[in-house]
Amino acid sequence: MREFLQMGGYAFYVWTSYAVAAVALIANIVVPLRQHRRLLARIARRARRRSAGE
Amino acid sequence: MNIVVRYFHTLGSPPYFYRLAQRLIPWLAAACAALIAGGLYLGLVEAPPDYQQGESYRIIFVHVPSAWMSLFIYVVMAGAGLVALVWRVKIAEAMAVASAPIGATFTFLALVTGSLWGKPMWGAWWVWDARLTSELVLLFLYLGVIALYGAIEDRRTAARAVAVLALVGVVNIPIIHYSVEWWNTLHQGPTVTKFDAPSIHISMLIPLLLMAAGFMFYYAVALLLRVRCALIDREQGSKWVGEIAGEKA
Amino acid sequence: MWALFRRDVVLAFRRRGDVVQPLVFFVLVVTLVPLAVGADVALLKSIGPGIIWVGALLASLLAQESLFRSDFEDGSLEQLLLSPYPLPLLVLAKIAAHWMVTSVPLIVVAPLLAVLLRLPSEGMSALVLTLVLGTPVLSLIGAIGVALTVGLQKGGVMLSLLILPLYVPVLIVATLAVDAALAGLPVSAQLYFLGALLVGALTLAPIAGAAALRISVG
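Residue numbers (my numbering), protein chains in the order written: chain F, 42 to 95; chain Y, 21 to 269; chain G, 935 to 1152.
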């Protein structure tokens, strides 16, 4: 296990690479997901306001 | 032939595409997760250390697929742009625009992982290697697309302008790549191109291909997620969007 | 098409600033470099071709803006779009006039600047040839970028971001040619490549530029 984390002394380079990749790829999923939820909520709110106003 | 043409027409309708995306996303995400998990396990745990580079070579499992994706996505973006320009399909416009940030992310990853690989190997954070330099130019091409889209007010005009830019870029990419290689061989001298393994062992090739496939599915998922948002945003006033918002509420 | 070409050239001479500014910029940039890196002759000789080309490239970029801007502002660009003539040909005519007026002075001045940078005479003809072949390519590619950004407020900065990556092959091959000439090696491969780029740009850029104009103006 320790050897796995150490990566033959290259731990910083290897793990930073994978960490940066993970962050970038997860961000590109989370951001659109959140945007989707926000958009739908906004549209629903406006529809409710419109029907309430009638 | 008629069935195919008709299917493409239905595919081009936003509500149909939206619902299709909703159904596809979980499956694509599952495939992506499985492939990446498999690739990571085989690459990080099972594959033996390289006799020349030790453990640091394992960065290729994220560097090379990222570089491949960065090029692939640009081509898809240009293709979608062509469809958007010629046939004025809204979905194609959305796909072209949505591809740009994803492609830029992969290009950025290829550059960062390339630097992190280069430092322990050749002692420098940046080498003017032909491939890295081409990737850098590609990043600027992506940033240009993203900037242009953001600068034009009308979304449809913006998408079509971006399509033209993407097409011009895609024609240039092989020219840029070839000229950078030419530049590199003459300025670098006799050193072998740094990022090409002479021949890659099967135990390293399989995780590489798994990661590449996983990244493809990732692109599909990320693309569909963004296109979903674009469709809802564009068709805000329409009935089908209202229904979906109502369902969620 | 000829009429458009002549009109643009005449108009450009009336607006002398558009012609002179890029030229002055070119000279300034090339002059700044020895001030920044020192006047060591060997150093200047080795980076000279690159400096001249980067300077010419940046000056050409600076000049690009004037290609459509004034026509856009006074409405004649829209008139152009309504003309029965094929738009790509009209765009080509405008680019040709623009190139003649802004880039040819650069080509004329470049050898003088090369002397400032102590460029040996072996490299001179290669330098001029690459500029003659390369600056039209820059104008043609640049026109696409200008067409895409003509309606935008801060078009100038965006233009650089859009076009400079596309300029990279021209820059690389042109400077490779001059370096090869300085080393006594043949330059035909590089010149053929530039020629190929020119032919490609001549055929494709007007079409792309016309499409871009229709999108951003029409």
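Bear in mind the hints are in silico, worked out from the structure with no lab data behind them. A portion of the hints provided could be inaccurate.
What the hints assert, rightly or not - Some but not every residue of chain Y turned toward chain G, in silico, with C-beta under 7 Å:
no.: 1; residue: Ile45
no.: 2; residue: Ala49
no.: 3; residue: Pro121
no.: 4; residue: Leu156
no.: 5; residue: Phe160
no.: 6; residue: Ile166
no.: 7; residue: Ala167
no.: 8; residue: Arg180
no.: 9; residue: Ala181
no.: 10; residue: Val188
no.: 11; residue: Val190
no.: 12; residue: Asn192
no.: 13; residue: Ile193
no.: 14; residue: Ser199
no.: 15; residue: Trp203
Glycine is no exception: its CB is placed at the ideal position from the N, C-alpha and C atoms.
Honestly, which of those hints from before does the structure not fit?
Checked against the structure, the hints that fail are numbers 1, 2, 3, 4, 6, 11, 13, while the rest are satisfied.
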